[in-house]
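Place chain W on chain V using the hints.
What follows is each chain in one-letter form.
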Amino acid sequence: MIPAAFDYARPSSLGDAVEALTDAGEDAKVLAGGQSLLPLLRLRLAYPTVLIDLGRVPELQGIADEGDHIRIGAMATHDDVVRSPLVNAACPLIALATATVADPAVRHRGTFGGALAHADPAGDLPAVALALDCVFLTRSASEGREIPAAEFFVDYLETAMDPGEILVAVKVPKLGAGWGYHYEKFHRTAQSWATVGVAAAVHRDDGTIQDVKVALTNMGSTPVRAGAVETAVRGLDPHDATSLAAACDQADQGTSPPADLHAQPDYRRHLARVLTRRAIRRAADLEPG
Amino acid sequence: MTEQLTREPATGEVGRARRRKEDARLITGRTQWTDNIHLPGMLHVAFLRSPMAHAKILRVDTSAARGLPGVVAVYSGEDFAAEQGSLPCAWPVSDDCVIPEHPPMAVSRVRYPGEAVACVVATDRYRAADALEAIEVDYEPLPAVLDMTGALTDAAPKVHESGNKAFTWKFAGGDIDAALQDAPVVVERTYVQQRLIPSAMEPRAVVATTDGDSFTLYSATQIPHILRVMAALTTGIPEHKLRVIAPDVGGGFGSKLQVTAEEILALLITRRLGRPVKWTESRSEGNLTVHHGRDQLQRITVAADRDGRLRGLKVDLLADMGAYLMLVTPGVPVLGAFMYNAIYKMDAYDFTCTGVFTTKMPTDAYRGAGRPEATFAIERIMDELAAELGLDPLDLRRRNWIAHEEFPYTTIAGLTYDSGNYEAATAKAMELFGYEELRAEQAARREAGDPVQLGIGVSTYTEMCGLAPSRVLGALAYSAGGWEHASVRMLPTGAVEVVTGTSPHGQGHVTSWSQIVADALGVPFEAVTVLHGDTAVSHKGMDTYGSRSLVVGGVAVLRACEKVKEKARRLAAHMLEAAAEDIEFDAGSFRVKGTSAAKSIQELAFAAFAAHNLPDGFEPRLDADATFDPENFSYPHGTHLCAVEVDTETGMSKIRSYVAVDDVGNVVNPLIVEGQVHGGLAQGIAQALYEEAVYDGEGNLLTTTMADYLLPTALDLPDFITDRTETPATTNPLGVKGVGEAGTIASTPAVVNAIVDALRPYGVTDVRMPCTPERVWRAIHGSSS
Chain V
1 MIPAAFDYAR
11 PSSLGDAVEA
21 LTDAGEDAKV
31 LAGGQSLLPL
41 LRLRLAYPTV
51 LIDLGRVPEL
61 QGIADEGDHI
71 RIGAMATHDD
81 VVRSPLVNAA
91 CPLIALATAT
101 VADPAVRHRG
111 TFGGALAHAD
121 PAGDLPAVAL
131 ALDCVFLTRS
141 ASEGREIPAA
151 EFFVDYLETA
161 MDPGEILVAV
171 KVPKLGAGWG
181 YHYEKFHRTA
191 QSWATVGVAA
201 AVHRDDGTIQ
211 DVKVALTNMG
221 STPVRAGAVE
231 TAVRGLDPHD
241 ATSLAAACDQ
251 ADQGTSPPAD
261 LHAQPDYRRH
271 LARVLTRRAI
281 RRAADLEPG
Chain W
1001 MTEQLTREPA
1011 TGEVGRARRR
1021 KEDARLITGR
1031 TQWTDNIHLP
1041 GMLHVAFLRS
1051 PMAHAKILRV
1061 DTSAARGLPG
1071 VVAVYSGEDF
1081 AAEQGSLPCA
1091 WPVSDDCVIP
1101 EHPPMAVSRV
1111 RYPGEAVACV
1121 VATDRYRAAD
1131 ALEAIEVDYE
1141 PLPAVLDMTG
1151 ALTDAAPKVH
1161 ESGNKAFTWK
1171 FAGGDIDAAL
1181 QDAPVVVERT
1191 YVQQRLIPSA
1201 MEPRAVVATT
1211 DGDSFTLYSA
1221 TQIPHILRVM
1231 AALTTGIPEH
1241 KLRVIAPDVG
1251 GGFGSKLQVT
1261 AEEILALLIT
1271 RRLGRPVKWT
1281 ESRSEGNLTV
1291 HHGRDQLQRI
1301 TVAADRDGRL
1311 RGLKVDLLAD
1321 MGAYLMLVTP
1331 GVPVLGAFMY
1341 NAIYKMDAYD
1351 FTCTGVFTTK
1361 MPTDAYRGAG
1371 RPEATFAIER
1381 IMDELAAELG
1391 LDPLDLRRRN
1401 WIAHEEFPYT
1411 TIAGLTYDSG
1421 NYEAATAKAM
1431 ELFGYEELRA
1441 EQAARREAGD
1451 PVQLGIGVST
1461 YTEMCGLAPS
1471 RVLGALAYSA
1481 GGWEHASVRM
1491 LPTGAVEVVT
1501 GTSPHGQGHV
1511 TSWSQIVADA
1521 LGVPFEAVTV
1531 LHGDTAVSHK
1541 GMDTYGSRSL
1551 VVGGVAVLRA
1561 CEKVKEKARR
1571 LAAHMLEAAA
1581 EDIEFDAGSF
1591 RVKGTSAAKS
1601 IQELAFAAFA
1611 AHNLPDGFEP
1621 RLDADATFDP
1631 ENFSYPHGTH
1641 LCAVEVDTET
1651 GMSKIRSYVA
1661 VDDVGNVVNP
1671 LIVEGQVHGG
1681 LAQGIAQALY
1691 EEAVYDGEGN
1701 LLTTTMADYL
1711 LPTALDLPDF
1721 ITDRTETPAT
1731 TNPLGVKGVG
1741 EAGTIASTPA
1751 VVNAIVDALR
1761 PYGVTDVRMP
1771 CTPERVWRAI
1781 HGSSS
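Going down the list, the sequences are from chains V and W. Taking this note's numbering, I'd label the letters of the first sequence as residues 1 to 289. Taking this note's numbering, I'd label the letters of the second sequence as residues 1001 to 1785.
Chain V on its own, in the form it takes in the complex (with noise of 0.2 Å):
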């Protein structure tokens, strides 16, 4: 597993970064954490010509509180995400699925912003962000540009960011008070990915569920928001587990799910409704029943 020959660069400003991905062409990728692209190198699935090493490019760091939102900073890694008081104060349900990819390892190298703009509908985080409703801010040489996450996932490993373009952060919408939050991954072993996911987060008053967001995993070419789910589920009482259950049911319309070793599509719908009752009863603080 050697890749093949690659040129190298290491800006040190959002500037300097832009510049060469615009100089180096098409043929240039953006290196982050590299979780997932140096084993496509390695495999020789991908053959860039040159590598540009976001990790000494300060405009891409920390994470910030600004005031409705929250700003993870696209070379956050998700060992930051998952440490940080900020993220489990106000956007728990952030925390809670990263700590759930892979190992501790990869967490370690592993990047917020790599994992949103590798855009594997398989990964974790891209559910979450469409859950949550995130917004995308970009670079490239001639503008910076907000985008929403349900304009951001276009296909399978593809995002609507152009080639010049480089993820400089994500804005994470505080929720407020009332809101509960869980992630049901459904994996065979600890470190393989979803079969599964459903990202949840739930907004309880006076004993029914007045809003709900939902988003699947490993669901069809991008993350997929369950727009049916929520509409059926808005009003209900979570406790009344056979209407939950019928609203949960739609769970997997609007899917495409993948055929891969580990599940075949019509399995894939059967976990999707299953496991987002089960996401939502848990987000409303309930048993997963």
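Honestly, the hints are just simulated from the structure, not real lab data. Source: prediction; values computed, not measured. Just to be clear, a hint being listed does not mean it is correct.
What the hints assert, rightly or not - Facing chain W, from chain V, some residues (calculated, C-beta under 7 Å):
#1 I2
#2 Y47
#3 I147
#4 M161
#5 R188
#6 A190
#7 T255
#8 P265
As the list claims (entries may be wrong) - Label pairs and their calculated CB-CB ranges:
#9 V:G227 to W:P1069: 50 to 60 Å
#10 W:R1019 to V:A259: 23 to 33 Å
#11 V:A46 to W:G1150: 35 to 45 Å
#12 V:P39 to W:S1108: 26 to 36 Å
#13 W:L1068 to V:P104: 37 to 47 Å
#14 V:P39 to W:R1030: 24 to 34 Å
#15 V:Q253 to W:T1705: 41 to 51 Å
#16 W:D1124 to V:G25: 22 to 32 Å
C-beta atoms are modelled at their ideal positions from N, C-alpha and C, and glycine is treated no differently.
Frame of chain V; chain W shown alone:
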């Protein structure tokens, strides 16, 4: 039965949970893995491997690759055709066994994906890998042969000219027709032993070097001694001009019990270029081309009386050889043949195995080698028979197993089990497990329709270890014997140097052998060193596999110690002016009975070295060689109990508790035994729940990375509850039975039995391994994928 050597009163080393002498060095990285070896002027080899399962090679064009920077040579199979010989198969199990030519590098045809078709030799690994992409190969695809049953039909495309049948091997004990005829209960099942990929922590690696006349081969191998013989025969390098070294080796599990194409080709390349060469495989390369394990289709029929007494057992096996027969490929299912009857008494047993060629990586020994497959099938069908009869599965076993007082017992398969106590192991396991309480909980969950059902799995296994009596191996058509050799040398300063013919690669022989020697010679544990794994140092040996090292090699060490002691006694008698029979030995001291006149073994070692005052005819130095050839196998056994919770909504199975009570005879080092059991359990559970090598319809291997080929880690496994009963083997003087494979053999059926037990209320009678959540879910819901 073997002569019983007297063990001197223990000074307490044997039986002690000594931490391993090996570990400080291994843990702190002061190791010499083959890939750590750097020789002056060394070149690096990379192999171009077939992307096709089955094809004719029409053309290999290496010209572009030859011109690339750093490239020293590029070879195709054509370049080696005249000198590369055929990779050996040492176990032609039957008269009809077909052993096809197996060129280390394919010349005109590839028969499995990953088969080497060309190689680059370059100044570094990166340039070698880059240059592979410049080699052009034209293939004419041929149909893949993937399914064993289909492969045996007349219409099937042929893997080899002779057809797809490798051999048929039969065994019959008793009158099977009589046993089956009119049997009140007959249960017939087909079980699939999925193909597994051994995943040793250290990938394979080879370094070959020459001084122009003689050759040294460093390899991550389990078998330096066997490899030397086989590599000499294959390459034509005279055996005395070939030294094989197994440096630190990071696990094997049978996968390094092989003579590989890469080892042979490294020797050929170094012979051509006169320079040292190295090859280290990547994990993905290893998944394709390390020999695979298991892959059998087992049709098994059991006939019994209404009270559960077994009448007969019939096994009809298809064993996937893959594309070629490698070192012991055909022997693996044949070894299993003796284990289907397990611990049970019966009137008749009939076994047929057909070896089948397919266009897949050859299979060969993998932890347990034939015995896990056999144990799985019998332990699974015993549970099915119990369900059929409405008996508790342990009760059914109790009605059929060999009672403690019946040992030694000659089984229907013709083996004589020397000792065992199935009653004691089972009683202990049931108590540790809380068997009755868990059965009560299971009933309550069934009653309540709990979506999480509880299943209890039983496995009362035995195995044949200590490979092996040379006469038996000869009778089974294996090309060599199963003895083991040791040298024990007292050095002038009183330290002890042991040379063993076993080749440890994680088993801790340095520690265990030190414990045996410390007790036998009355020297400190710390004063013993053990040398191994180099044919220039260890000149005789049969290496490490089949839970043989302690049972055969450890006994050879003990016997050499006994010879050293007798020599020391003679010298002590001479120096103390006493008769040898008046000298008594205790804790390292030779004393004239009833006096205080004594010589320590250290004093004697120096005196034997100085040689100033030796008895007539006494050869200087206190040292001795011994070779032990066992007259019987050893038969560890045990009872494993597993509780699994099955989430019937998702199909996820979770092991809630696992109890392993093993009887491996006397124990030299309980810590090492514990480690072997834990690792074995993990590997056996992995077959039950996680691992499977999958080829697609065109014959491409899909599981080339650990993302696709799932290995469990500690996070996925329960806390194991382990304990032992100790029924000494009577066939060797240490009373030991071997522990390397027990966990792997016992645990796979225990887990699957538990899953099926959980699902019996749903009408489920089997789940194919690995029991993935999807398979379990489909079993419950009656759909198949």
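Outcome of the hint check:
1. Given the 7 Å rule on beta carbons, the hint for V:I2 holds: about 4 Å separates it from the nearest Cβ of chain W.
2. Here the hint on V:Y47 is broken, as its CB sits about 10 Å from the closest CB of chain W, past 7 Å.
3. Annotation: interface hint on V:I147 violated; nearest CB of chain W at approximately 29 Å, more than 7 Å.
4. About 25 Å separates the beta-carbon of V:M161 from the nearest beta-carbon of chain W, more than 7 Å, and the hint is not met.
5. Annotation: interface hint on V:R188 holds; nearest CB of chain W at approximately 6 Å, less than 7 Å.
6. Taken as an interface hint, V:A190 checks out: its beta carbon lies about 4 Å from the nearest beta carbon of chain W, inside 7 Å.
7. Hint on V:T255 is violated. Least Cβ distance to chain W is approximately 17 Å, over the 7 Å limit.
8. With a cut of 7 Å, the hint placing V:P265 at the interface with chain W is violated, because the nearest CB-to-CB distance is about 10 Å.
9. For V:G227 and W:P1069, the Cβ-Cβ distance of about 56 Å falls inside the hinted range of 50 to 60 Å, so the restraint holds.
10. Restraint check, W:R1019 to V:A259: a C-beta distance of roughly 49 Å breaks the suggested window 23 to 33 Å.
11. Between V:A46 and W:G1150 the C-beta distance comes to about 38 Å, which sits within the given range of 35 to 45 Å.
12. Between V:P39 and W:S1108 the Cβ separation comes to about 35 Å, which falls inside the hinted range of 26 to 36 Å.
13. Checked against the given bound of 37 to 47 Å, the beta carbons of W:L1068 and V:P104, roughly 40 Å apart, stay inside it.
14. Judged by the Cβ atoms, the range 24 to 34 Å given for V:P39 and W:R1030 holds: they are separated by roughly 30 Å.
15. About 33 Å separates the C-beta atoms of V:Q253 and W:T1705, a value inconsistent with the hinted range of 41 to 51 Å.
16. The supplied range of 22 to 32 Å is met by W:D1124 and V:G25, whose beta-carbon atoms lie about 29 Å from each other.
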